[in-house]
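Chemist: Sequence order for the protein chains is V and L. According to numbering that gives the first Met the number 0, the stretch in the first sequence is residues 0 to 451, in order. According to numbering that gives the first Met the number 0, the stretch in the second sequence is residues 0 to 451, in order.
Quick caveat, the hints were computed from the structure, so don't treat them as lab data. Certain hints may be false.
All copies of an identical chain are treated as equivalent in the list; a pair is satisfied when it fits inside any one copy or across any two copies.
[Claimed, not checked] Straight line, CA to CA, 35 Å or less: simulated DSBU-like cross-link-like pairs of lysine-lysine:
id, residue 1, residue 2
1, Lys193, Lys118
2, Lys364, Lys193
3, Lys246, Lys193
4, Lys200, Lys125
5, Lys251, Lys445
6, Lys364, Lys195
7, Lys445, Lys85
Here the structure is a predicted model, which means the values were calculated and not measured.
There are 2 protein chains.
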Amino acid sequence: MAKTDILIIGGGPAGVTCALTARKNYPDKEIVLVRDREKSIIPCGIPYIFNRLNSAEDDILPDKILEDNDIKLLIQKAVEILIDNKKVRFDNGEEIEYEKLVLATGSEPVFIPIKGVDKKGVFVIKKDLNYLKELREAVLEARNIVIIGGGFIGVEVAEEISRIKGKNISIVERASHCLETNFDEEFTKVVEEKLKEKGVKLYTGKVVEEIEGRKKVEYVRLDTKEKLPCDLVLLSIGARPNIQLAKTAGIKVVERGGIWVDEYLRTNIGDIFAVGDCAQTKDFFTRKDVPIMLASTACHEARIAGSNLYKIQNLKENKGTLGAFSTSILGLGLGAAGMTEKIAKKEKFDYVVGKAKVVNRHPGKLPGAESIFIKLIFLAGSEGYLLGGEVMGPESIGETINIISLLIQQKMSAFDLQSLQISTHPLLTASPISYPLIVAAQDAIKKMRDRF
Amino acid sequence: MAKTDILIIGGGPAGVTCALTARKNYPDKEIVLVRDREKSIIPCGIPYIFNRLNSAEDDILPDKILEDNDIKLLIQKAVEILIDNKKVRFDNGEEIEYEKLVLATGSEPVFIPIKGVDKKGVFVIKKDLNYLKELREAVLEARNIVIIGGGFIGVEVAEEISRIKGKNISIVERASHCLETNFDEEFTKVVEEKLKEKGVKLYTGKVVEEIEGRKKVEYVRLDTKEKLPCDLVLLSIGARPNIQLAKTAGIKVVERGGIWVDEYLRTNIGDIFAVGDCAQTKDFFTRKDVPIMLASTACHEARIAGSNLYKIQNLKENKGTLGAFSTSILGLGLGAAGMTEKIAKKEKFDYVVGKAKVVNRHPGKLPGAESIFIKLIFLAGSEGYLLGGEVMGPESIGETINIISLLIQQKMSAFDLQSLQISTHPLLTASPISYPLIVAAQDAIKKMRDRF
Chain V
0 MAKTDILIIG
10 GGPAGVTCAL
20 TARKNYPDKE
30 IVLVRDREKS
40 IIPCGIPYIF
50 NRLNSAEDDI
60 LPDKILEDND
70 IKLLIQKAVE
80 ILIDNKKVRF
90 DNGEEIEYEK
100 LVLATGSEPV
110 FIPIKGVDKK
120 GVFVIKKDLN
130 YLKELREAVL
140 EARNIVIIGG
150 GFIGVEVAEE
160 ISRIKGKNIS
170 IVERASHCLE
180 TNFDEEFTKV
190 VEEKLKEKGV
200 KLYTGKVVEE
210 IEGRKKVEYV
220 RLDTKEKLPC
230 DLVLLSIGAR
240 PNIQLAKTAG
250 IKVVERGGIW
260 VDEYLRTNIG
270 DIFAVGDCAQ
280 TKDFFTRKDV
290 PIMLASTACH
300 EARIAGSNLY
310 KIQNLKENKG
320 TLGAFSTSIL
330 GLGLGAAGMT
340 EKIAKKEKFD
350 YVVGKAKVVN
360 RHPGKLPGAE
370 SIFIKLIFLA
380 GSEGYLLGGE
390 VMGPESIGET
400 INIISLLIQQ
410 KMSAFDLQSL
420 QISTHPLLTA
430 SPISYPLIVA
440 AQDAIKKMRD
450 RF
Chain L
0 MAKTDILIIG
10 GGPAGVTCAL
20 TARKNYPDKE
30 IVLVRDREKS
40 IIPCGIPYIF
50 NRLNSAEDDI
60 LPDKILEDND
70 IKLLIQKAVE
80 ILIDNKKVRF
90 DNGEEIEYEK
100 LVLATGSEPV
110 FIPIKGVDKK
120 GVFVIKKDLN
130 YLKELREAVL
140 EARNIVIIGG
150 GFIGVEVAEE
160 ISRIKGKNIS
170 IVERASHCLE
180 TNFDEEFTKV
190 VEEKLKEKGV
200 KLYTGKVVEE
210 IEGRKKVEYV
220 RLDTKEKLPC
230 DLVLLSIGAR
240 PNIQLAKTAG
250 IKVVERGGIW
260 VDEYLRTNIG
270 DIFAVGDCAQ
280 TKDFFTRKDV
290 PIMLASTACH
300 EARIAGSNLY
310 KIQNLKENKG
320 TLGAFSTSIL
330 GLGLGAAGMT
340 EKIAKKEKFD
350 YVVGKAKVVN
360 RHPGKLPGAE
370 SIFIKLIFLA
380 GSEGYLLGGE
390 VMGPESIGET
400 INIISLLIQQ
410 KMSAFDLQSL
420 QISTHPLLTA
430 SPISYPLIVA
440 AQDAIKKMRD
450 RF
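All chains should be modelled from the sequences, with the hints used to inform the complete structure.
Modeler: Right, here's the structure in full:
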């Protein structure tokens with residue numbers, strides 16, 4: 000196999016989705032997917048290997064979907080892209096020539112330069128089966144666990160471990176609230192309350208000064224001089240795009256960011272694309288570079304690239320990333336898309352907030368009734384475009400946030416929402432009278448009127 | 000109270016929603032809602048009064064929301080509209096003058112003219128508290144129950160009663176499958192299988208010839224000469240709009256249909272609107288008159304009317320009804336919006352079908368994993384607009400169908416769907432690689448390509 004049509008480097012969600020999309024769009028092309036690990040991991044599933052899954056192996060991304068779609072899998076480490084020859088070289092010396100190359104090299108978790116970070120017992124969330132097996136064992140054995148970073152990964156791991164008896168879990172977060180990047184305070188407070196009820200200790204607005212211990216970790220010392228005992232420290236403070244391969248080849252990268260890409264995920268070099276965590280994302284509203292690394296965003300990019308590899312045939316440009324996001328913490332579903340109120344304020348948008356709190360059953364006496372809270376941010380004034388939304392409630396909010404995401408992508412307004420055709424059912428949704436998206440839109444319209 | 004600004008006749012979801020919308024849009028207007036019953040019922044909740052709710056009273060639509068929004072409630076029966084004087088007369092002789100009048104008079108279940116339909120023991124689903132209390136008692140006492148009509152109400156009631164021990168339930172349906180109006184066969188078959196497993200007997204493709212019995216119902220005799228023993232017969236074969244008040248006043252009505260309305264739910268008479276079941280709905284794609292009577296549709300119309308009573312200020316015309324619909328049968332959620340394949344064929348649309356079957360968790364080994372099946376109908380050719388969608392799976396499909404409904408309303412295509420930004424989470428949704436709407440769209444795109 001010295002030559003192929005489409006070569007994809009990376010076997011995570013972006014690489015796989017790009018391969019599958021390319022297969023559907025180019026049935027006659029040969030597609031090769033190369034990855035450097037024997038097994039691929041489902042990144043978003045990692046927090047659940049500690050309890051709800053029985054092993055790290057349960058979180059493997061199956062290769063069957065590749066076989067079924069006639070995509071050749073190669074386990075090799077790519078070490079060089081020879082741009083002029085349109086070839087990729089592997090660490091065993093072999094080379095493959097490509098017509099189209101897609102970089103889906105992903106990201107690596109970052110280690111912060113704090114003292115003691117190199118001690119035994121400090122872990123990160125690495126998408127590597129053997130590493131995760133080791134981490135799982137260590138977590139099950141540990142009693143005192145300190146998680147540094149209260150973003151969604153830190154919080155998801157904390158909730159998962161809190162389901163195991165006898166664990167003393169602490170989260171240290173520099174910001175004033177956990178999940179602060181994704182949600183406004185009405186939401187983060189509820190999550191924090193839930194975590195605390197479950198016994199997780201929260202140290203928000205605090206910074207780690209040192210990880211102490213002889214050889215192994217023993218204490219995490221904060222800037223407040225508090226010392227948290229620990230057998231295990233988990234760093235979940237973010238990830239860095241894997242751009243070395245691209246950079247070495249002379250492909251353009253964004254300063255302190257990922258690989259530069261255009262609207263169709265094309266790099267500055269002909270016939271080379273980049274998708275997923277390794278590619279730089281831009282914000283939907285401001286076009287600023289943003290460090291959003293979500294599997295859903297990665298797959299979105301992969302689909303755009305995968306259908307436009309040979310010629311632009313799917314004229315749906317990448318409008319920038321909304322960062323649509325959902326999670327589930329101790330039975331509470333949470334979703335966010337577009338701007339939070341905090342961001343809208345910071346970015347100087349003139350906005351109005353609409354809120355609704357309703358029940359997901361009608362009548363409310365039906366079994367399974369749970370509360371849904373929704374917050375929508377609209378551009379103030381006559382346009383009234385939806386800028387962002389946050390929602391919390393039962394499992395169904397995982398799809399509610401996709402409605403919000405779609406409304407934003409379609410540049411829909413509070414007035415559009417007011418006249419939305421929706422479907423409701425006593426056992427599935429809120430009542431048609433009080434469908435939360437519409438009630439929140441009407442709340443915002445009222446506030447817009449009150450302004451004049 | 001001989002005069003008011005906005006007068007709404009009818010206290011169901013349409014009337015209430017119109018009043019609430021009017022209140023938000025016209026904070027200074029006096030709003031009066033008149034209804035002829037002491038208590039209002041949540042129509043979609045009625046099937047659940049037999050088991051999951053403890054009484055018919057549990058399904059009352061609370062009046063508190065009216066009080067909270069400064070909407071005056073009047074319990075009176077409107078008997079005449081005096082168009083020239085802009086007055087409504089009640090059966091106690093009193094009159095109210097209005098600036099704007101909204102008719103939300105709803106619908107009544109139909110009795111078919113079969114022999115024996117007047118016997119004791121024959122019921123319909125009437126939105127009347129006392130009638131429903133009586134029906135509930137009768138259902139709890141009955142052993143053999145025959146439901147005539149296998150539309151969604153018939154099926155929902157059958158499933159609810161099947162949760163009570165010792166009931167022998169039969170459904171007689173003229174069409175070849177239950178739920179045939181809303182779903183294609185891939186879906187109706189699954190529902191029928193579930194009902195049969197639960198012991199419900201199905202007589203599809205069969206017609207009732209007579210309801211036999213001395214005074215009380217004893218047998219339902221079919222055209223096949225089968226005789227189904229019964230203590231109770233429930234007719235659920237449809238409803239008829241309540242148009243008498245409008246008709247008598249000389250307001251235009253559609254032949255064998257509801258009150259004629261324009262895009263903004265205005266009748267042919269100035270300052271008189273009609274919303275909900277009593278107003279004639281038109282199909283989204285064909286503009287044909289369709290007998291769709293759903294609370295969600297009614298509320299949609301009520302919001303358009305309620306925000307445009309004095310002047311058109313919400314330029315979102317009523318594009319015609321999609322009939323977005325969802326239900327839940329024995330734990331299986333089902334949703335449909337727009338055209339089924341059957342309808343697309345019948346109405347001579349050139350279409351392509353895309354399908355996907357995925358799991359609502361990733362990895363699939365996570366607890367709560369259930370299968371989602373989705374079927375999307377797209378206009379064939381380069382436009383590729385979404386014409387309709389059907390979905391079945393867990394509770395979250397109640398919102399998935401609202402995404403589908405929105406996609407249709409926005410005239411989005413299979414290509415748009417392919418590049419949709421979505422949010423996914425292991426515990427809430429399918430994986431980002433196999434998000435069902437996108438996979439089904441890609442399946443359709445492939446078929447479109449294969450055509451050329």
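Chemist: Each hint needs a verdict: does it hold in this structure or not?
Modeler: Here is what the structure says about each hint:
In this assembly of identical chains, Lys193 and Lys118 lie within 35 Å of each other by CA distance solely inside one copy; the values are 31 Å within and 57 Å between copies. Taking identical chains as interchangeable, the C-alpha atoms of Lys364 and Lys193 lie at most 35 Å apart whether they share a chain (24 Å) or sit on different chains (25 Å). Proximity of Lys246 to Lys193 under the C-alpha cut-off of 35 Å is found in neither arrangement, the shortest distances being 44 Å within a copy and 58 Å between copies. Taking the shortest alpha-carbon separations for Lys200 and Lys125, only the intra-copy value of 24 Å comes in at or below 35 Å, while the best inter-copy value is 55 Å.
Taking identical chains as interchangeable, the C-alpha atoms of Lys251 and Lys445 lie at most 35 Å apart only when they sit on different chains, with a minimum of 34 Å there against 48 Å within one chain. In this assembly of identical chains, the alpha carbons of Lys364 and Lys195 lie at most 35 Å apart whether taken from the same copy (29 Å) or from different copies (28 Å). Proximity of Lys445 and Lys85 under a CA criterion of 35 Å is satisfied inter-copy only: 29 Å between copies versus 59 Å inside one chain copy.
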